[in-house]
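A.B. asks: One-letter residues, chain by chain:
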Amino acid sequence: MIRMTDIHEAPPEPASIGAEQIEYLEQLARIRLSGEEKERTARDLSKILDYIEMLGELDTEGVDPLSHPVTTEPVFREDKAVNDDRRDAMLRNAPEHKDGCFKVPKTVE
Amino acid sequence: MANFETVMGIEVHVELSTKSKIFCGCSARFGDEANAHVCEGCAGMPGTLPTLNRRVVEYAVRAGLALNCEISRFSRFDRKSYFYPDLPASYQVTQLYHPICKNGHLDIVADGKTKRIGINRIHIEEDAGKLVHDDWDDCSLVDYNRCSVPLIEIVSEPDFRSADEVVAYLEKLKATLQYLGVSDCKMQEGSMRADINLSVRPVGSEKFGVRTEMKNMASLKSIARAIAGETRRHIDAIESGETLIQETRRWDDNKGFSFAMRNKENAKDYKYFPDPNLMPVIVEEEYIREIRASLPELPEEKKARYIREFGLPEYDADILTGSRYLVAVFERAADICKNPKEASNWVMTELLKLLNDAQMQPEDMKFSPDSLGTILNMLTEGKINRAVAKKTFAEVFESDVDPVDYVRKNGLMQVSDTGSIEPVIREVLDANRKAVSEYLAGNEKSIQFLIGQSMKALRGKGDPQVVRDLLIKGLDERKG
Ligand SMILES: [Zn+2]
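Chains as they are written, first to last, in the numbering used here: chain A, 1 to 109; chain B, 1 to 480.
Think of the hints as simulated: they come from the structure by calculation, not from any bench.
Glycine residues also receive a C-beta, built at the ideal position from the N, C-alpha and C atoms.
Hints should not be assumed to be uniformly reliable.
[As the list claims (entries may be wrong)] Restraint-style ranges between C-beta atoms, simulated for each label pair:
#1 B/Thr114 with A/Glu73: 42 to 52 Å
#2 B/Ala228 with A/Leu66: 47 to 57 Å
#3 A/Gly100 with B/Gln359: 53 to 63 Å
#4 A/Asn93 with B/Asp252: 33 to 43 Å
#5 B/Ser90 with A/Lys80: 22 to 32 Å
#6 A/Leu33 with B/Val203: 28 to 38 Å
#7 A/Tyr24 with B/Glu33: 49 to 59 Å
#8 A/Asn93 with B/Lys221: 39 to 49 Å
#9 A/Ser16 with B/Ala228: 31 to 41 Å
#10 B/Thr51 with A/Leu33: 46 to 56 Å
#11 B/Gly256 with A/Arg43: 24 to 34 Å
#12 A/Gly100 with B/Val203: 32 to 42 Å
[As the list claims (entries may be wrong)] The following residues of chain B were derived to be distant from chain A, with all beta-carbon distances above 12 Å:
#13 Glu58
#14 Asp78
#15 Leu131
#16 Arg292
#17 Asn410
#18 Val436
#19 Arg459
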């Protein structure tokens, strides 16, 4: 679902990542970090952001945002169903499966 | 009590009828065994790369042109990140910043008035998988067959003020997309899904009220109920001074109420960014021109032509052109029997009745397109009578029999030669003396009973006109 009101570039995040932001990111990514991991992740992410911040020193006035450094002709596929049924092979990659389906922790909307 | 106005916008997701998925060579067919159409690509495994299905762009442009949109010469794919088991890559590929079509419209007729509904944008995206909850095992089971099936999302402007307008729009959109051949638009199978954004404000107010989004309506009827239910909830809240929250809600058609969705939809922070693995889509003017030239006659033009060329009543033309599947049966029949009015009458009465009795949609019809025309020809040529024609058509509808075979095998050819009918008439007149004397006493209606008895004796195959003529002749002879 997309609304026009959602269409704005993400606001710049502060260069230093605090505990609150780590917890928010944990929620979004559905992972749980230990206290030590939280600290380390905050440190690493802050370093990464600082590094990227270097770009802020450049004058980008009048330069269009770039999404792809190299633009080639788009490569298309023809609309053909060429893949075989490889269900069993695909399910073997899952930690658990049941009744031909990928089994995951109960997730309700 | 203040008068309130409901303001709505609609987002329609339509699965495109491609043979394969959007970025891999897996089949996009509906209804197969769970996970039969899954590969490393659509299962979101690291190291796989997407390759765009050419037909997806073509179908999106077709839809855009038919809905009067500007086609973007440059469009691009973005990743919408969210973590949920129906999305194995943990992001959905969509087009946030540069959609393929913009600024279109669709004219609808509701409450007897024509109204132009603005279309804000159409963008391409991929569908997600399907989750089934297993209460026994306290887990969820995921089927990725639908994952990465191509979709277009058609986003309207907030131009709707009544459920009738919404239903008219969805019907028109469905007919148009079916004509274009870009989707089968089956709401029951989920290939067409509508989310309604709804807010309520006092009549005359310029400011929009708090907006909620409703999902999970599986039919037009349930959409109409959801709009009524949600409008009531908003008005109740406004009148009792409660605060409405902007949120996504799931409509429960059995309970007749909407419920806030817990986490998936209401913790929105999608961290959109351009997909580095997919090149922008550049479409040339020439390509757009070619697709425009290949567009079929759309419902509006077809309806006008049916009225003009065939002299059909507007109501009939409207119903017929409301579905390309009805159009297919009608046009083929009209072409074979060279009598569009008769063909239209049969579709409008017999076919709609058969569909209604079977609780079927026109797209679910299975019979050969030539059959109705063949039946109408047999009828005109006097090979069968009207009752047999109806019976044969019902049989065609039910099990796609060959109408000529069916009539021959069941001995249903019309009997119209005097030699075969006369002895039957004599027997009927002898056996029904009461009706005969009533007729002779001046009660002309009793001839209907005698016709019925004669047709029954002829096992329904008699030529009604010949039967009637011979009965009158026989009765006249008995006047004494
Ligand atoms: Zn695949």
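A.B. asks: A separate judgement is required for each hint: does it hold in the structure or not?
C.D. replies: Here is what the structure says about each hint:
1. B/Thr114 with A/Glu73: 42 to 52 Å: 43 Å, holds
2. B/Ala228 with A/Leu66: 47 to 57 Å: Taking Cβ atoms as reference, alanine 228 of chain B and leucine 66 of chain A lie about 49 Å apart, which means the hint holds.
3. A/Gly100 with B/Gln359: 53 to 63 Å: 30 Å, violated
4. A/Asn93 with B/Asp252: 33 to 43 Å: 36 Å, holds
5. B/Ser90 with A/Lys80: 22 to 32 Å: 28 Å, holds
6. A/Leu33 with B/Val203: 28 to 38 Å: Since leucine 33 of chain A and valine 203 of chain B have Cβ atoms about 53 Å apart, the given range 28 to 38 Å is violated.
7. A/Tyr24 with B/Glu33: 49 to 59 Å: For glutamate 33 of chain B against tyrosine 24 of chain A, whose Cβ atoms are near 40 Å apart, the range 49 to 59 Å is violated.
8. A/Asn93 with B/Lys221: 39 to 49 Å: 42 Å, holds
9. A/Ser16 with B/Ala228: 31 to 41 Å: The hinted range 31 to 41 Å is violated for serine 16 of chain A and alanine 228 of chain B, with Cβ atoms some 51 Å apart.
10. B/Thr51 with A/Leu33: 46 to 56 Å: 36 Å, violated
11. B/Gly256 with A/Arg43: 24 to 34 Å: The hinted range 24 to 34 Å is violated for glycine 256 of chain B and arginine 43 of chain A, with Cβ atoms some 53 Å apart.
12. A/Gly100 with B/Val203: 32 to 42 Å: 54 Å, violated
13. Glu58: Incorrect as stated: the minimum Cβ-Cβ distance to chain A is 9 Å, not above 12 Å.
14. Asp78: The claim breaks: aspartate 78 of chain B does not keep its Cβ more than 12 Å from every Cβ of chain A (closest is about 9 Å).
15. Leu131: 7 Å, violated
16. Arg292: Holds, since 20 Å exceeds 12 Å.
17. Asn410: 42 Å, holds
18. Val436: 71 Å, holds
19. Arg459: 51 Å, holds
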